[in-house]
Amino acid sequence: ESAVEIQEEKDENHVDYLTPFLQNVHDISAITLEEAEDARDECLKAMKERLLERANIIQCRLDEENSLLAKKQAAFQRNRDHVEGADDEFERFCAEAMFRIQILEQRLSQHEETALQKYANLDQKLRQDPRLTGLN
Numbered sequence: 006e007s008a009v010e011i012q013e014e015k016d017e018n019h020v021d022y023l024t025p026f027l028q029n030v031h032d033i034s035a036i037t038l039e040e041a042e043d044a045r046d047e048c049l050k051a052m053k054e055r056l057l058e059r060a061n062i063i064q065c066r067l068d069e070e071n072s073l074l075a076k077k078q079a080a081f082q083r084n085r086d087h088v089e090g091a092d093d094e095f096e097r098f099c100a101e102a103m104f105r106i107q108i109l110e111q112r113l114s115q116h117e118e119t120a121l122q123k124y125a126n127l128d129q130k131l132r133q134d135p136r137l138t139g140l141n
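Using our numbering, the first residue of the sequence shown is number 6, and each one after it goes up by one.
Don't read these hints as lab results, they were simulated from the structure.
Each residue gets a CB set at the ideal place from its N, CA and C atoms; glycine is no exception.
Derived DSSO-like pairs (lysine-lysine); straight-line CA-CA distance at most 27 Å:
| # | residue 1 | residue 2 |
| --- | --- | --- |
| 1 | Lys123 | Lys53 |
| 2 | Lys130 | Lys50 |
| 3 | Lys123 | Lys50 |
| 4 | Lys130 | Lys53 |
Label pairs and their calculated CB-CB ranges:
| # | residue 1 | residue 2 | range |
| --- | --- | --- | --- |
| 5 | Lys130 | Asp93 | 47 to 55 Å |
| 6 | Asp43 | Glu94 | 54 to 62 Å |
| 7 | Glu47 | Asp93 | 53 to 61 Å |
Based on the sequences and whatever the hints tell you, model everything.
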């Protein structure tokens, strides 16, 4: 690959996490300490909100799966006079539901483990970003 292609690929993969929060800065080359702090705080706040939103989505899906499984189990217990093959269908449903619940629990656990690290990484990037020179 040529140097131009490599640079274009890097540009496509690069996400500028700070630019949306620098919209209110009048002169980026002469950013004040207050403007730099505001931009950093807003960027970190947005990251925190995204991480919390993702955790809430996973938790809601997990709650829905648990609720659905509980309803099916209650309905199965009420209907003791089972139809032929209902036991197999119920067992298959339970196995699939437990699989989905296990996956959601793993996703939530993994998200909780990585969320703090993602937040800390962004904070470190912001502290090292040359556009926020007032913070260094």
